[in-house]
Structures are given as C-alpha cells and as structure tokens.
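J.: Sequence:
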Amino acid sequence: MLEVIAGAMEAGKTWLLYKRISDAKLMGKKVQVFAYPVHEGHVVSRVGFKSKAITVPTVAEIESQLEPDVDTIAIDDAQLFNAHDLTNFCNKHRKNVEIIIAGVQLDCFGENFGAMVEIMGRAENVSVLLGVCETCKKQTALVSQRYRDKEHTIPITIDDPKIELRKEFYAPVCWDCYQPPV
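This note's numbering puts the sequence shown at residues 1 to 182.
Be careful, since some hints might not be right.
Stated by the list, open to error - In silico BS3-like links for lysine-lysine, alpha-carbon gap of 27 Å or less: (1) Lys138 <-> Lys167; (2) Lys25 <-> Lys52; (3) Lys29 <-> Lys92.
Unchecked claim - Quick list of the computed label-pair ranges, beta carbon to beta carbon: (4) Lys150 <-> Asp176: 19 to 27 Å; (5) Asp149 <-> Asn96: 42 to 50 Å; (6) Cys136 <-> Lys30: 40 to 48 Å; (7) Val117 <-> Ile158: 15 to 23 Å.
Just so you know, these hints were derived from the structure itself, not from any lab. All C-beta atoms in this analysis are idealised placements derived from N, C-alpha and C, irrespective of residue type, glycine included.
Required output: the full structure, derived from the provided sequences and hints.
T.: Here it is as structure tokens:
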C-alpha cells in the first residue's frame with residue numbers, strides 16, 4: 001500500500017507522518033523511517049513530535065538500508081529525492097510493504113515538486129494538508145513562498161535556484177497571496 005501526505009510547509013505533514021509511524025509501531029509492525037539529509041537523524045514536526053530517521057541523500061541508499069522484515073517504510077521530505085528513482089522505488093515495494101511518503105507537492109515556483117504529484121496519482125490514500133497563510137492568516141496555504149531574506153520581504157526572482165534547504169527563507173502562502181518569481 002502507498003500513502004502520500006502532501007501540502008505546503010508548516011501544514012502538519014510531518015506530524016501526520018509521525019502519527020502513522022506511531023500507529024504502525026503500536027500495531028507491532030517493524031518500521032523504518034528515512035529522511036533527506038536536511039534532518040539530523042530525526043524527523044521532527046514543528047510541534048515537537050520526533051522520530052528517529054536514517055538520513056540518506058538518494059533513493060539507492062534507502063534501498064541498500066532496507067531491512068528484509070520491514071513492514072512499513074516512512075519517507076519525509078520526499079520531494080527532495082530524485083523523482084524517477086522514488087517513483088520506481090514505490091512501484092517496486094508497495095505490494096510487499098506499507099509505504100508512507102510525506103512532502104511538499106508544489107515548489108516555490110508553483111510547479112510540481114519532485115515526484116510528489118506523480119506518486120499522489122498512484123497512491124491508495126492521499127492527504128493534502130493546508131497550512132495557515134503567513135500573509136492573510138487563512139488556512140488555505142498550499143504553496144511555499146521563497147524569499148531572499150529571513151524577514152520575508154524580498155521574494156526570489158526567476159533566476160534564483162528552485163531549492164534552498166534552509167526553511168527560514170520560506171513561508172506558507174495561499175494562491176491569493178502568492179507572488180510568483182519574475
């Protein structure tokens with residue numbers, strides 16, 4: 001089975017992933033948690049829930065560290081992994097284990113982020129979580145606005161790179177408040 005938890009930054013994706021991990025452990029399942037190296041050995045939600053994770057930069061390393069008797073595989077920040085590799089990994093393992101993927105579905109350019117949208121279309125269960133818009137304060141944020149400064153006053157331009165791994169340069173915003181890079 002394949003489950004996807006998607007949405008904007010600060011929408012509660014990691015909290016829901018943590019809940020799924022905890023529930024699987026309560027059911028006696030063997031769980032392995034993986035995360036992109038922006039984490040330091042843990043998946044941590046903004047409200048403080050924490051789960052140990054194996055940090056890996058590639059899907060091949062997830063594959064190489066899978067234990068043979070694992071029941072549930074959880075992957076956080078899935079949008080940062082190679083899209084082709086992650087899609088193939090999910091297709092290969094979904095029949096034998098439960099896979100739970102969490103990640104941002106749209107990048108700061110408002111485009112599909114990594115494999116998220118592709119995998120959402122293949123999943124048996126999809127949760128799309130909305131964050132609170134930093135600008136208008138409505139719970140409609142689905143995209144992440146990226147800024148050049150930590151004060152969130154200077155939006156990026158079209159020439160800036162798509163990914164900045166430091167989250168303090170991002171803010172969840174709704175489509176009405178989103179300022180596309182120009």
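J.: Now tell me, hint by hint, if it's right for this structure.
T.: Verification of the hints:
no. : hint                          : result
1   : Lys138 <-> Lys167             : holds, 21 Å
2   : Lys25 <-> Lys52               : holds, 13 Å
3   : Lys29 <-> Lys92               : holds, 20 Å
4   : Lys150 <-> Asp176: 19 to 27 Å : holds, 24 Å
5   : Asp149 <-> Asn96: 42 to 50 Å  : holds, 46 Å
6   : Cys136 <-> Lys30: 40 to 48 Å  : holds, 44 Å
7   : Val117 <-> Ile158: 15 to 23 Å : holds, 21 Å
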